[in-house]
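**Q** The primary structure of each chain is shown beneath.
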Amino acid sequence: MESLNALFSLGFATALTPANLLWALLGCTLGTAIGVLPGVGPAVTVALLLPVTQSVDPTGALIMLAGVYYGAMFGGSTTSILLNTPGEAGSIVSALEGNKMAKMGRAGPALSTAAIGSFIAGSIATVLLTLLAPVLAGFALQLGPVETFSLMMLTFAAVSMVLGNSPLKGSIALLLGLGMGLIGIEGQSGQSRFTFGLLPLIDGIDIVVVAMGLFAVGETLYTATYENNIVGRIESLKGSFWMSKDDWKRSWKPWLRGTAIGFPFGTIPAGGTELPTFLSYSMEKKLASPSAQKEFGKGAIEGVAGPEAANNAAVTGTLVPLLTLGIPTSATAAIMLSAFQQYNIVPGPLLFDTNPELVWGLIASLYIGNVMLLVLNLPLVGLWVQFLKVPRPLLYGGIIVLATMGAYALRQSWFDLMLLYIIGVLGFLMRRFDFPVVPLVVGLIVGPMAEKHFRRAMSINEGDLTVFLTHPISLLILLVTAAILVVPPLMKRRQALLDGAR
Amino acid sequence: MIKRVTGEQLLAIGIILIGLVMAWQIGDIPEEAGYAGIGPRFFPSLVVAGLIVAGGALLMQRRHRNGPDTILSDGEDDTEQLEAEEAAARGEANWHMFIIASGSLIAHMALINLAGFTLAGTFLCFGICRALETRRPALDLLLSFLLALGLFHLFKTLGLNLPALLPGGVL
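In order, the protein sequences belong to chains A and B. Under the UniProt record's numbering, the letters of the first sequence match residues 1 to 502, in that order. Under the UniProt record's numbering, the letters of the second sequence match residues 1 to 171, in that order.
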């Protein structure tokens, strides 16, 4: 109950200051807008805001960034349902049933069940985060560099093996990220690595440039090359907006089941929201009443309620390892970690002791953000629909101008613009050949941390590599890692789910 | 039997090349013994080895519809058929548009210090609109200009210095 005490005395006291409320509102609004816009995800937005937040105090900035992350998940469902083009990976499943519902004139109930489900799942997951995080942080305090390094290996294995269709491509993406992370001055020895004698590379490649390159420039190049002829059709919001009694009856169980699936998946390093939403979808399909089962594929409300809840619960779940272990498990979490680093704050078990206002303020702001998002998304949904009417060419043009500006503003140098373009072409190729990008982003951010912990572990243990196997916790983690590498049952199951979902 | 080199195989060769260039660069990292023999070359060596091995595996991989990364005997290779199916699903690549988008980005890079943020940004935004086959170029040109100008002034007030064309900093 110590955590509840901290939440109320510290957290809400911090989060409820007018300035922080404003940051939360700004983040949620921006996040929803971004989530609604097709083709822009939370990762780009958080990356775009990084340079802007440099002059803001850390608590406010992180509250805003968390709002963006959350809001994008809420807003993404609107696009999936009305336009059938998911804004981010977590909303792919919602498009399956949601868009069908919209086509039958039931867009209102679909949007409502998504928003209310997201609210309920987000709130329950935040309660779980409140209760779990301090316990886990206390446990994590006992982890030394040996165990931390093993945990990072587990993260690497999980993000590259589980995401995408091919573990091999996932590994290549991870290695490319690790390689990029090596560029620049190496902290321990002060030697520069892979700078090719170029001065601007000494500071390394900035995460802002990588995120914009992959997600904004790469996406635009891909759309220009392959998707010019795809015409989206916005379903109109007609008919009753509110959910009927029957809709409620069919939604509440999927909401809770979705939360139960989403939260644990968020906390393990399996890369965020894609997997739990697919799992939730297939579960609802199996558990639905016979009459509802017939509706699957034609617009079953269960197929929107479950995955949307799973989606939001997973997003909150990713904050657990980020705040307690300092390990990001999704692209957006990785970029948020670099936001912490920007303020010289190291997320991890010590965060609860060194920056209690910040961490509890952030958690409290999630409760508040959830309420804000429910209001922003339910009564105001008509406003966001207008965003869908922005013509695509202009939308992408605007995104690219913002991306180049973000990259240029880092150092006022055209060199970053060139890097942006090169990474953009890389992103284009990865998209074209189905390489997952999350392993690259996670590798880029976690790679240098892993190297540091590895070398620390080695210097403490006098270069004895067996310590990773003789420390019991480390051994356990490495065994799990080995299991992920050797046994790919998750992969197969996911494939079956994908086939089943089609 | 000579097989057509697929795009994926070209990519695999590219990955191996990156690995080799990095391997060559490792020689430039001064090797200090570091603590316990783990110096600044250790991790790069692991990454390089990984890239070359994974690139090699991608090059050798034969794809099969039964699942990813299945390595099959020669007769069962359906890489080409799968590629054809995927290409059909993806639609024809429009490289013309890729070049317009790329050209806009490169021109922006060159222009930003010469013509200032506003004009370079206008050009870039408009170029991207063209690459995405806008149906109303004139309006987009105007909106691109207004967007770039608005951003320029917004960030100038926020204290972010962007290059201007005119000394007064209106454009």
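Source of the hints: derived by calculation from the structure; they are not laboratory data. Everything numeric in this text was worked out from a predicted model, so none of it was measured. Backbone N, C-alpha and C define an ideal beta-carbon position, used for all residues, glycine too. Take these hints with a grain of salt, some might be off.
[Said to hold, decoys possible] Some chain A residues close to chain B (C-beta under 10 angstroms, calculated; not the full set): (1) Pro58; (2) Glu227; (3) Met418; (4) Ser459.
**Q** For every hint, state whether the structure bears it out.
**A** Tested hints:
1. Pro58: violated, 18 angstroms
2. Glu227: Because about 8 angstroms separates A/Glu227 from the closest Cβ in chain B, which is inside the 10 angstroms limit, the hint holds.
3. Met418: This hint holds: A/Met418 lies near chain B, its Cβ roughly 6 angstroms from the closest one there, short of 10 angstroms.
4. Ser459: holds, 4 angstroms
The structure shown violates just one earlier hint, number 1.
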